[in-house]
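Use these hints to put chain B onto chain A, whose structure you have.
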Amino acid sequence: MSESYVTPDGRTIGGKVLEMRNITLRFGGVVAIKDISFDIREGEIRAIIGPNGAGKSSMLNVINGFYHPQDGEIWFHGEKRKPMKPYQIAKQGIARTFQNIALFKGMSTLDNIMTGRFNQMKTNMALQMIWKGPAEREEQENREIVEKVIDFLEIQAIRKTPVGALPYGLQKRVELGRALAAQPRLLLLDEPMAGMNVEEKEDMSRFILDVNDEFGTTIALIEHDMGVVMDISDRVVVMDYGKKIGDGSPDEVRNNQAVIDAYLGVDHG
Amino acid sequence: MFDQFLYGTEAAINGLMTGVMYSLVALGFVLIFKSSGIFNYAQGVMALFGALTLVGIQDGQVPFASLINAVFGTNVRDFGWTLPAMLSILLAIGVMILFAWLVERYLLKHLVNQDPIILFMATIGLAYFMEGIGDLMWGAEIKTLDLGINQGINTTIDSLTYDWFGYGFYIDNLDITAAIIAILLVVALTLFSQYSSTGRALRAVADDHQAALSVGISLRKIWVIVWGISGFIALVAGVMWGSKSGVQFSLSLITLKALPVLMLGGFTSIPGAIIGGMIIGVGEKVFEFVVSSSWFGDAMGFTMNATENWFAYMLALVFLVFRPQGLFGDKIIERV
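If you're matching them up, the sequences are chains A and B in order.
Offset between the first sequence (1-based) and this note's numbering: plus 71.
Offset between the second sequence (1-based) and this note's numbering: plus 10.
Honestly, the hints are just simulated from the structure, not real lab data.
Do not rely on the hints blindly, as some may be mistaken.
Unchecked claim - DSSO-like cross-link-like pairs, simulated, lysine-lysine; straight-line CA separation at most 27 Å:
id: 1; chain 1: B; residue 1: Lys119; chain 2: A; residue 2: Lys162
id: 2; chain 1: B; residue 1: Lys231; chain 2: A; residue 2: Lys153
id: 3; chain 1: A; residue 1: Lys314; chain 2: A; residue 2: Lys87
id: 4; chain 1: B; residue 1: Lys254; chain 2: A; residue 2: Lys193
id: 5; chain 1: A; residue 1: Lys153; chain 2: B; residue 2: Lys119
id: 6; chain 1: A; residue 1: Lys87; chain 2: A; residue 2: Lys176
id: 7; chain 1: A; residue 1: Lys162; chain 2: A; residue 2: Lys176
id: 8; chain 1: B; residue 1: Lys119; chain 2: A; residue 2: Lys176
id: 9; chain 1: A; residue 1: Lys162; chain 2: B; residue 2: Lys231
id: 10; chain 1: B; residue 1: Lys231; chain 2: A; residue 2: Lys156
As the list claims (entries may be wrong) - Chain A regions said to be covered by chain B (calculated; three or more residues, Cβ under 8 Å):
id: 11; segment: 114-124
id: 12; segment: 180-186
Cβ atoms here follow ideal geometry from the backbone N, Cα and C, with glycine treated the same way.
This is chain A alone, in the form it adopts within the complex:
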């Protein structure tokens, strides 16, 4: 595959944003991820799929620093990444959402999405306390970006609502908004459509495609709904029992015998 290429629908896919090299993650005696390598390219939508317990979420947690692999290297934008804390990785431009929504439930939609701008707000605390000059200006600039995200996700109506009171589908959308507000270089989505009905899934798919298309955001996502995965992703990694059993375009993966076995089961008789 050349350094960059153009997809059939006209998007340009660039060089490697993130490269995982021989990642192994163990919890005591349990091997959650076994010697996995793959890469994510600039501007693409990369899916990670696999049966339950395959190690997909662990992989996402390794990427954003919640877990530290025992073996292997992580390369981000051409540089080998040192072991870092999750908040430092967030500062580098990796944002994420969670499988079981992790929003700040007592805060409004607006405040939740504003927290996504935390890394971009630099004035010191003393200035923030008197809320004057730079602090005030900064607050307003970031507020504008957040309002754009809110418009984009069509959630103007719930700006002031505490997110704990919102229905599940909207909470998922607010969480996506918080990640987007950071204007990430790499966006990680852990089962963005889990538990949604067909209509909500369609909305979410559209938002993911639009984010990728309009802002050129690189996206890695975990998803169980095969129809959605095959529709929206450019390349797919397939995991099973902590190992990588397939990697390629949706069509290649679909016809891969190991993948079919993992999903349908093999006759051991």
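Relative to chain A, chain B alone:
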């Protein structure tokens, strides 16, 4: 009967002033509890330590004087100066922030993800450690704290109420100052937490640690800030109580008065801490006034005294039975 009503009102107003002080102590608890799930037993000792440090700095005491004298056989006591009140307050705030940093660096950092009971035990240890250090640094004798705040009866209110009702209310100037400072502090804190990015980060951490990390908030930095703010509140509370009754080691016992306030208001609610403090302050004064009055005695055949010692705890007990989450606390929902 009208004069009895006036006396009762006077008691209620005085109770409100005391209640604001309770609120201050409780506020320090709530901030730390919300953001890190730690019940900070040391909050009262922090108030004591803050007040001791302020007096020490103001009077130009040499820290650890007795220790230095014992080791080197010298006889140093003080630097021989008296610092202006404002400067000593700023320095004392600096010391409390340094203290917050040390607590995070040497205590909390090593106890991340431990059970609440272990963290609670750690703060008990911290409380006794600080009491010891406070003693060693500044000495154990009772000190008077004078920041130039007026004390004694407020004559304006006295004469005004005398003109209106024919009875002058006794309200202490110090109580009024304390109440005003406490209100300003609460308003400032609320604005800060609502409208600044650090304030939002504080609320975010209080809500969900993992999510906070994922948007790039450093928990350790936030904990230093929270303990720093709590230390500052403790300093204010310590100074107010210290101005009233002298800076002495029994000051750390205000922790025990803050507990019923927390049970009433809820451990996780800032407005709860404030209103809870006021309810207890007013409640205990009015209850004392009623049950010790002669008309209560005539009607019931007995009177009671010194009810202020236990009234708050009784009220807390009632709340524990009927509304365990407090007035404003998070509702306790058990899902099966």
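Structure-based check of each hint:
no.: 1; hint: B:Lys119 x A:Lys162; in the structure: holds (21 Å)
no.: 2; hint: B:Lys231 x A:Lys153; in the structure: holds (21 Å)
no.: 3; hint: A:Lys314 x A:Lys87; in the structure: holds (22 Å)
no.: 4; hint: B:Lys254 x A:Lys193; in the structure: violated (42 Å)
no.: 5; hint: A:Lys153 x B:Lys119; in the structure: holds (21 Å)
no.: 6; hint: A:Lys87 x A:Lys176; in the structure: violated (36 Å)
no.: 7; hint: A:Lys162 x A:Lys176; in the structure: holds (23 Å)
no.: 8; hint: B:Lys119 x A:Lys176; in the structure: holds (26 Å)
no.: 9; hint: A:Lys162 x B:Lys231; in the structure: holds (15 Å)
no.: 10; hint: B:Lys231 x A:Lys156; in the structure: holds (13 Å)
no.: 11; hint: 114-124; in the structure: violated (count 0)
no.: 12; hint: 180-186; in the structure: holds (count 3)
Comparing the model with each earlier hint shows violations of hints 4, 6 and 11; every other hint is respected.
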